[in-house]
Amino acid sequence: MTAPASVNGLVGIKPTVGLISRAGIIPISHSQDTAGPMARTVRDAAILLGALAGMDPRDPATSASQGKAQTDYTKFLDPAGLKGARLGVERKFFGGNAAADRIIEDCLALMKSAGAELVDPAILPSHGKYDDDEQQVMLYEFKTDLNAYLAGLGANVHVRSLADLIAFNREHRDQEMPYFGQELFEQAQSKGPLSEKAYRDARAKCVKLSRAEGIDALIKQHKLDAIVAPTITPAPLNDLVLGDANWPACTTPAAVAGYPHITVPAGFVQGLPVGLSFFGPAWSEPVLLKLAYAFEQASKARKPPRFAATADLAG
Numbered sequence: 369m370t371a372p373a374s375v376n377g378l379v380g381i382k383p384t385v386g387l388i389s390r391a392g393i394i395p396i397s398h399s400q401d402t403a404g405p406m407a408r409t410v411r412d413a414a415i416l417l418g419a420l421a422g423m424d425p426r427d428p429a430t431s432a433s434q435g436k437a438q439t440d441y442t443k444f445l446d447p448a449g450l451k452g453a454r455l456g457v458e459r460k461f462f463g464g465n466a467a468a469d470r471i472i473e474d475c476l477a478l479m480k481s482a483g484a485e486l487v488d489p490a491i492l493p494s495h496g497k498y499d500d501d502e503q504q505v506m507l508y509e510f511k512t513d514l515n516a517y518l519a520g521l522g523a524n525v526h527v528r529s530l531a532d533l534i535a536f537n538r539e540h541r542d543q544e545m546p547y548f549g550q551e552l553f554e555q556a557q558s559k560g561p562l563s564e565k566a567y568r569d570a571r572a573k574c575v576k577l578s579r580a581e582g583i584d585a586l587i588k589q590h591k592l593d594a595i596v597a598p599t600i601t602p603a604p605l606n607d608l609v610l611g612d613a614n615w616p617a618c619t620t621p622a623a624v625a626g627y628p629h630i631t632v633p634a635g636f637v638q639g640l641p642v643g644l645s646f647f648g649p650a651w652s653e654p655v656l657l658k659l660a661y662a663f664e665q666a667s668k669a670r671k672p673p674r675f676a677a678t679a680d681l682a683g
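When the sequence shown is numbered by this note's numbering, its final residue is 683 and no position is left out of the sequence of numbers.
Certain hints may be false.
Keeping only pairs whose Cα atoms sit at most 20 Å apart, straight-line, the calculated SDA-like set for lysine to any residue is [what the hints assert, rightly or not]:
#1 LYS573 x HIS590
#2 LYS565 x THR512
#3 LYS668 x MET406
#4 LYS573 x HIS495
#5 LYS451 x LYS573
Treat the hints as calculated values from the structure; they're not laboratory data.
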């Protein structure tokens, strides 16, 4: 929810995996999946997070939140929360859009003026070293998790597995796939169970490189409160020929680690929103909320949507 929140000018929180139950949510990857709030303000998002957090017997991952979940995250909101904070600037997520980069540079200067200490650059040591492994993990988990989800639906549901979905799409190709195929479905279907060595090795590598040799290592090395970076480039055009755009985004490290990530509106590029991200170690939502709220109060960057018919190309 951080990438969609950023391109829509919203606050988005992807919490630590296990803070919020995933019961009833169509799965993609249980090592990354989590619900989370998207809202107009950090305060609104904090209120929602408190309402959503907690243990649920239907989702065993939430047992890890015992003693860590809060019912009221608004108590961590501090307009002076940037004062004395140590923030690591991950420069490898810059470069996707020059105008957006300039906005983020202004945000960094604003946070520094508000009392934050910037460690710049602060580079994740494992950046780019587990991309292929993450893809393999997601394919394995998607098949297993989706099959379990579909198998548990009511008797009126006739599609009971990923294989059934693939067959349905083929039978209704003109309606279901007029522009794109189902390559990822088919790649996932080719995978075996989660007991396979290929999955276990890929998952272990992702955990090691995203956590102990990734976010945790960088936080410890520089004694950081959080890592900051541009969330994602402004929203691109849909392209029915070339497909999805390859958006440079800082969403991967926290997602693979299962760690919390907050994006806050930072400004606009020709009318299109861009966001600033704060992410850190497991269960650091209180710290991230404090930082995000202080930035929001200092920047006042969010503007209500105008529902414009076109981009503001003169802006």
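Tested hints:
| no. | hint | in the structure |
| --- | --- | --- |
| 1 | LYS573 x HIS590 | violated (23 Å) |
| 2 | LYS565 x THR512 | holds (15 Å) |
| 3 | LYS668 x MET406 | holds (17 Å) |
| 4 | LYS573 x HIS495 | holds (13 Å) |
| 5 | LYS451 x LYS573 | violated (36 Å) |
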